[in-house]
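Protein chains in written order, with UniProt numbering: chain A, 1 to 372; chain B, 1 to 372.
Treat the hints with care, since some could be wrong.
Just so you know, same-sequence chains aren't split out, so a pair can sit in one copy or run between any two.
[As the list claims (entries may be wrong)] Straight-line C-alpha distance at most 25 Å; calculated SDA-like pairs for lysine to any residue:
id : residue 1 : residue 2
1  : LYS266    : ALA50
2  : LYS304    : GLU262
3  : LYS139    : THR264
4  : LYS304    : GLN73
5  : LYS266    : GLY289
6  : LYS139    : ILE70
7  : LYS266    : VAL31
8  : LYS139    : VAL233
9  : LYS304    : PRO46
10 : LYS83     : VAL308
Since the hints were derived computationally from the structure, they do not count as laboratory data.
Number of protein chains: 2
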Amino acid sequence: MSLRTGTRGETVPPVPSAHAAEDTADRAPGVDIAALLERGRTMTAPVLRAAVDRLAPPMDTVASYHFGWIDAQGRPADGDGGKAVRPALALLSAEAAGAPAEVGVPGAVAVELVHNFSLLHDDLMDGDEQRRHRDTVWKVHGPAQAILVGDALFALAGEVLLELGTVEAGRAARRLTVATRKLIDGQAQDISYEHRERVTVEECLEMEGNKTGALLACAVSIGAVLGGADDRVADRLEAYGHHLGLAFQAIDDLLGIWGDPEATGKQTWSDLRQRKKSLPVVAALAAEGPAAARLGELLAADAKSSDVENFSEEEFAARAALIEEAGGREWTVQEARRQHAVAIEALDSVDMPGHIRDQLAALADFVVVRKR
Amino acid sequence: MSLRTGTRGETVPPVPSAHAAEDTADRAPGVDIAALLERGRTMTAPVLRAAVDRLAPPMDTVASYHFGWIDAQGRPADGDGGKAVRPALALLSAEAAGAPAEVGVPGAVAVELVHNFSLLHDDLMDGDEQRRHRDTVWKVHGPAQAILVGDALFALAGEVLLELGTVEAGRAARRLTVATRKLIDGQAQDISYEHRERVTVEECLEMEGNKTGALLACAVSIGAVLGGADDRVADRLEAYGHHLGLAFQAIDDLLGIWGDPEATGKQTWSDLRQRKKSLPVVAALAAEGPAAARLGELLAADAKSSDVENFSEEEFAARAALIEEAGGREWTVQEARRQHAVAIEALDSVDMPGHIRDQLAALADFVVVRKR
């Protein structure tokens, strides 16, 4: 497979810049991304906290630690709760259907709860010790609490929606449940790929569509569904969210290898440490030439090794250099750009107020240019 | 606290027999319990299997192993899928509301999915190696699969209900979600009690009400809700199920100490091995006299020990003998009888066809006299 060919066979033009959306950053010049994210955070936070407060001790404390509201000693903290892209999307989703942003709040909270349920369980399954610059829940509070609190957040998500008691809430809960199952499918695929020698680009994209695309898609439809949008509109919004998720994940895959630990809050080479078959890796392996061949040999040996976590910085750096030399890094940059373009196309197939469209487009740009 | 006093202070009369419901066993002489359980199993199984078939590999295989449909090598098995009390209850629940049993099927399946989600996660958290006479999922397929497949079954439960697309399904899903969160609360309490020196009888009953009562209560209301029953009827049916669950759990607690491993499928003294603060233990500790005092000393030391799992049979037998001597065994037998009586009282507060009432009453008797 040529690295200059997209997954559906289209030719992806070479780009001069590593920032796929650099040339799109001024598409919606009037949009204040920081304010948009802040609105999502501010409107969602009290409802999210009230939901978490319902948990029986010590799960309320463990969840508060996970969300960054308290530190490991239980002292109030002003933690990094993540970028809050999903809440911002859920509120815009309601507005896209002509409803006030408030209508999207239970959807935003439910999506955040599911997202954090998956983080708690994934960190444990993956053995990740750091998240958002802090020790992960299973490291601080033990595996049982990570499992339990994850389960509890998932259940809370259903509660927050279904207690609205409306037909729309039932439809929203159904979409969220389906998205959650895709997310779990994606994690299952991700884990199974770690011990496989070969994973195709198509398999990787399917996994990432499940693991990242499905919930982002749901964030973009859930507000609209709560606001009364029909399934056709919801499906198109989900298409935008799905491709946005794939663009987001392509960037995440780049950061998982070449990201600055200071900025990502993860270890250096974190995806290589975990033998993740992420996009740069599978794209590099699918290439031709000596770098791809050498990388293939190394990773085939690594797949059988139980010693990968003890590799030196140099050993990881050598693998990263081969991935780049084989074109895996550049292909992934291009893939992010391609998914971004498809997302915008889907967005423009939905009839909505122009300023809402511009804000959704600006969020897509933000996701693709983000450095963390 | 006197062991001859119930949890709300009522005096519980002494009984001559260890089988709490022996004298009630012929209350509904016309009811064929085996046929009732078989109907629940037969009507639920195809829908349950179809739901599990939706899971991405290898989760479908892991779930099939858990349900006993295949063995660890993937060969078809005719496994012990449990007594299937919950499906039987969910179908009767629909009939109690005047709907055909079929209406309860999605509810029965959803409750079974949630029940098995909790078994998968609890076995991992508790380190239980055996369930239904077979190695548990985490022992055979590893902790990650136990977490993932549990998550997937929980999500499937929501899907199975919500794809009905009716207002009733939304109400049923809400009740199921609330019950699931109670179940998680109960597991959190159970875990936290293992390392505490003292747990009151009240705390233990609250924990068991969450861990066992809530989902059984939901099984008894979910069919009725799907059949159009109002919240008042659903709440009363849940009261019956809640107390039935507490009776069930009291028996389970007896079996957790004195049960025959051949019949229970668990290790001998399994609850003592895990330092479970189950009803016989907390009731014995709350008693007066030398046996209770000696038991208190032993368990206080055990709570600080990391060596409990390596105790000899004699050491566990000595603890069990002290629990019995202090009256904890007899009190728990009485408690099962008391909860059974309250359950029947709640049942009789609901207006329903007489033969359905008799079948629900007979199931309550069955649960309390069961030896496994």
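Consistency of the hints with the structure:
1. Taking CA atoms no more than 25 Å apart as the test, LYS266 paired with ALA50 passes in neither setting, with 29 Å inside one copy and 40 Å between copies.
2. Proximity of LYS304 to GLU262 under the C-alpha cut-off of 25 Å is found in neither arrangement, the shortest distances being 31 Å within a copy and 40 Å between copies.
3. Taking the shortest Cα distances, LYS139 and THR264 sit within 25 Å of each other inside one copy (18 Å), while across copies they are farther apart (34 Å).
4. For a Cα distance limit of 25 Å, the shortest separation of LYS304 from GLN73 across copies, 22 Å, qualifies, whereas the shortest one inside one copy, 40 Å, does not.
5. In this assembly of identical chains, the alpha carbons of LYS266 and GLY289 never lie at most 25 Å apart, being 31 Å within a copy and 57 Å across copies at closest.
6. Within a single copy, LYS139 and ILE70 get their C-alpha atoms as close as 15 Å, which meets the 25 Å cut-off; across copies the closest is 35 Å, which misses it.
7. Proximity of LYS266 to VAL31 under the C-alpha cut-off of 25 Å is found in neither arrangement, the shortest distances being 30 Å within a copy and 61 Å between copies.
8. In the homo-oligomer, the alpha carbons of LYS139 and VAL233 never lie at most 25 Å apart, since the shortest distance is 42 Å inside one protomer and 45 Å across protomers.
9. Taking CA atoms no more than 25 Å apart as the test, LYS304 paired with PRO46 passes in neither setting, with 48 Å inside one copy and 40 Å between copies.
10. When the C-alpha separation of LYS83 and VAL308 is checked against a cutoff of 25 Å, the pair qualifies neither within a copy, at 31 Å, nor between copies, at 45 Å.
Hint check: violations occur at hints 1, 2, 5, 7, 8, 9, 10; the rest are consistent with the structure.
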